[in-house]
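Position chains B and C relative to chain A; hints supplied.
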Amino acid sequence: MLIYVLDIIGTFAFAISGVLIAMQKRMDVFGIFIIAFVTAVGGGTLRDVLIGKTPVGWMNDLNYGYTITLAVIISIIFKNKLNRLRTSLFLFDTIGLGVFTIIGVEIGISANLHPIICIALGTISASFGGVIRDILCNEIPVIFRKEVYATACILGGITFFVLRYFNLKEDLIYIFTAAMVISIRLLVVKFRIQLPSVYQK
Amino acid sequence: MLIYVLDIIGTFAFAISGVLIAMQKRMDVFGIFIIAFVTAVGGGTLRDVLIGKTPVGWMNDLNYGYTITLAVIISIIFKNKLNRLRTSLFLFDTIGLGVFTIIGVEIGISANLHPIICIALGTISASFGGVIRDILCNEIPVIFRKEVYATACILGGITFFVLRYFNLKEDLIYIFTAAMVISIRLLVVKFRIQLPSVYQK
Amino acid sequence: MLIYVLDIIGTFAFAISGVLIAMQKRMDVFGIFIIAFVTAVGGGTLRDVLIGKTPVGWMNDLNYGYTITLAVIISIIFKNKLNRLRTSLFLFDTIGLGVFTIIGVEIGISANLHPIICIALGTISASFGGVIRDILCNEIPVIFRKEVYATACILGGITFFVLRYFNLKEDLIYIFTAAMVISIRLLVVKFRIQLPSVYQK
Chain A
1 MLIYVLDIIG TFAFAISGVL IAMQKRMDVF GIFIIAFVTA VGGGTLRDVL
51 IGKTPVGWMN DLNYGYTITL AVIISIIFKN KLNRLRTSLF LFDTIGLGVF
101 TIIGVEIGIS ANLHPIICIA LGTISASFGG VIRDILCNEI PVIFRKEVYA
151 TACILGGITF FVLRYFNLKE DLIYIFTAAM VISIRLLVVK FRIQLPSVYQ
201 K
Chain B
1 MLIYVLDIIG TFAFAISGVL IAMQKRMDVF GIFIIAFVTA VGGGTLRDVL
51 IGKTPVGWMN DLNYGYTITL AVIISIIFKN KLNRLRTSLF LFDTIGLGVF
101 TIIGVEIGIS ANLHPIICIA LGTISASFGG VIRDILCNEI PVIFRKEVYA
151 TACILGGITF FVLRYFNLKE DLIYIFTAAM VISIRLLVVK FRIQLPSVYQ
201 K
Chain C
1 MLIYVLDIIG TFAFAISGVL IAMQKRMDVF GIFIIAFVTA VGGGTLRDVL
51 IGKTPVGWMN DLNYGYTITL AVIISIIFKN KLNRLRTSLF LFDTIGLGVF
101 TIIGVEIGIS ANLHPIICIA LGTISASFGG VIRDILCNEI PVIFRKEVYA
151 TACILGGITF FVLRYFNLKE DLIYIFTAAM VISIRLLVVK FRIQLPSVYQ
201 K
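Protein chains in written order, with full-length UniProt numbering: chain A, 1 to 201; chain B, 1 to 201; chain C, 1 to 201.
So that you can see chain A by itself, here it is in the shape it has in the complex (with noise of 0.2 Å):
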């Protein structure tokens, strides 16, 4: 249950930083919108496509679409606000990483692949909104440039399995998965580390 409302505000936070990307491209109000949908469920589609389980997860549960819309028709009506919102956005943004590590997780565990397929799928599920969100705005993906982002979640999906081997209950699998997630980001932006960008001389 818990896992759900987190699931829903992660939802509205990833929505709205796909709004705000989608304003800086000057996309028009059906633009925005598909921007903040592929943001918000993009990575929990292509997740769903890659292992067979369709119709993918916003067909069959409504309240992310409307989760979506809402968030939407509040960043346009306060889009001049948003700034001031700056870190509420970014700390909802961050427990959507952790909230959506998680299910991806535990979704592959269901379909009874390997932990690291596992792990593959929750980062996925937490990141790869991001990606499809840049590729339609035309731009290189941030997190294969800069952003440390995609790590927060491989170790926290490492974190998951090392806790589940030791047989912990569920319920604290879940918070430390989390709160490993969400710290390592946390980490990451106030310290601005950067993972090594490799080119040939």
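Don't read these hints as lab results, they were simulated from the structure. Quantities reported herein were computed from a predicted structural model and do not represent experimental measurements. Do not take every clue at face value.
Identical chains share a label here; the pair holds if one copy fits it or two copies do between them.
Claimed, not checked - Quick list of in silico lysine-lysine cross-link-like pairs, DSS-like style, CA-CA up to 30 Å:
| no. | residue 1 | residue 2 |
| --- | --- | --- |
| 1 | K146 | K190 |
| 2 | K190 | K25 |
| 3 | K53 | K169 |
Chains B and C in isolation, oriented as in the chain A frame:
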């Protein structure tokens, strides 16, 4: 039967519009074929993948492939005369928009999905081939920026369900839905209507 | 068995070619890994999604993931020496092209699809990893503009069905198909052959 004929006409028109854009990008004949293919059947393919209706449509009915191949050959041969046919092409394209919307909505209904999702599927069927085409051509999708295209599909989809609620006969529902999509699209182009774009000051 | 070994060699070579392009784009190590991954298994993944063979291939056999990881590590360590291996890499890449085509065709046959669709699936398997790679790197896919790559797969696929029609043994079909793909690709590169591009005056 009529709807199948119209579907093929729409596929033909969409394929030609793909060829025209691929030529602008100076692609080779393979690239031109792929862009034509994606423009024509990309929306339906995305719809089928999202709901798990696989193998996707064009794999089960080669007429789509043949139609697209024919469209590519004809457009390459008559490449310098296509501009004279601009009006006819626009008309066929608009017919395709109406028909693809109806097909998408119907497929959603037969998958027992919620009317909102069915309307989304109609819109995806009719307008996301162009989105995939634009991404492959390295452009921000035109329907996210200025073309009022998807909105016509959405309003057509709503018309569909309103008429269905009043138990109209299927044929009439189809005719009115297509008429709605087509007339909105024609009005929009005639009066150069655009959706408002929103951005931060 | 041999085809599996060649499949892994092809995966390795495709992954390295992905790394090289990701480095040119100055991606970080996560981005490099994803581009390598997508280049190597993206075509097969798209094929599996389109025909509904899910979970997609690399989720059921971790050897693909391990091979790609190894390819990324090796390419990063020896990044300034890769140019000397250009010829070997090109050869491995071409072997991959041939083998991936055969695998795609075979999967189409076991899904009872029409030979034309099987050839399309072979071509998608072998050449659409590069398409997805180019999109993620924000480029118009190189095989739509100048590289004669997919054409080799198509001609290989046709060879496959011609020989099958004459009831050749499977092994021989494989060898001749791969030989066809590989020799066309080599000829094309040696003589710098390009497909004609078409554009309006």
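Unsatisfied constraints (hint numbers, rising): none
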